Amino acid sequence: MPVLMLRNMRKGLLFMMVAGLTACSQLLLPNKPLDVSLASPITVQGLPVQNLISYDLYADGTVLHAMFSTATADPKQPYIGYLHSDDDGRHWSAPIALGQYARATIESMAGNDLQIAASGDTLLAIWQVTGEIPGMGPLAAMYSKDGGQTWVAGANPTGSEGDQSHPDLVADSDGRFHLIWLDDRDENGYQGVRYARSSDAGQHWELAQTVDESSCSCCWNRLITGPDGQLNALYRDMEPRDMALAQSMDGGKSWRRISTVGEFNWIFDGCPHNGGALIRTESQTLHALAWTGVEHKSGLYYLRSADNGKNWSLPQAMRGEALAFHGDIAAGDEGRLIAIWDAMGADGSVVVISESVDNGRNWSASRQISTVGGSAVFPRIIATRSGFLAMWSEQKPGGGKQWMSAILE
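Every letter in the sequence shown is one number past the one before it in my numbering, and letter 125, counting from 1, is 125.
No lab work stands behind these hints, which were simulated from the structure alone.
Fair warning: this is a prediction, and the values are worked out from it, not measured in the lab.
One or more hints might be untrue.
[What the hints assert, rightly or not] Derived DSS-like pairs (lysine-lysine); straight-line CA-CA distance at most 27 Å: (1) K253 <-> K310; (2) K76 <-> K396; (3) K310 <-> K297; (4) K253 <-> K145.
Throw the hints in and build the complete structure from the sequences for me.
Okay, structure coming up:
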């Protein structure tokens, strides 16, 4: 073959390779990263929410519902407020106070947060109150039938005065409310995962039962709904201390443990005070965040399941400049996921996010969204019509804990 022809062929092949790589790079380029509005305190009547103790966030259609508690001059009676937003968290209604309905001191705090869920104008709130032993006590329920304007005391899910903690509350498309929590109902010294359902916003409860008789005793739980009466509960197991998934296929009538979400085989005789995160996308894929303290692998991991939780992808570490800890996850349109977590930075704990635009297969480098110089912890994130809303607790040196938010679009 003539030398000139060979050179031309090599040039042609090289051009095709470069062009192909360029095309592939363009296909793999992520969508434009979300813009993050300046993190700002949530204000009530023009003043930032200070001395935050606990909060929860819930989306029902186009309305965002939130509940929070703050410390007051009376340590036995914190302020509990409900508020809502009709514009994706840019503005919030004046708060409606619920604290006067509390029959005892509130035990709910960060990691064991009070709960709010909604179905139209019907709202249900759950929190833990002090029982016979300080630091422990049963759950209390309050419900509203008029969009949160007035509230009435509901019933305890089991009629118990024993210790009940770490609740998670959701409403399904039929207006029924589903609740999971931890308690030592069997009085054997071990906490278990419990479940109950209410068809009348917490006035009465049904189907009270044990999901798992032995679980970690101080990690939050996550409960999500699915099609055709499906429910999925993510919780931390007792031994090993890995995250577990329990499932009901009949609206809560029966439950079974179906998988371990991240098989780290973490043997730990203690409590990490760290639960997980769980969502379901329109493709019926489950996405989870799970934290482990196992040696040489400590950190927060992302996993997904395409078969309704039976099998999970290999754990993918959510990395940044510091060890990720408390995490949450939300899903938007077209395969976009946002993970959020707190991590110890050079100047204290910070809140960071990471994005995926391919349904969780790849994740962007993490970036901080909390303000510089503050200690930011316990973030949450939720999908909105225009993007996402993130919330967390943040404290500047010498100041109180503020309730912070950022809009991601």
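Hints and how they fare:
{"no.": "1", "hint": "K253 <-> K310", "verdict": "20 Å, holds"}
{"no.": "2", "hint": "K76 <-> K396", "verdict": "25 Å, holds"}
{"no.": "3", "hint": "K310 <-> K297", "verdict": "23 Å, holds"}
{"no.": "4", "hint": "K253 <-> K145", "verdict": "26 Å, holds"}
In terms of the numbered hints stated before, the structure departs from none.
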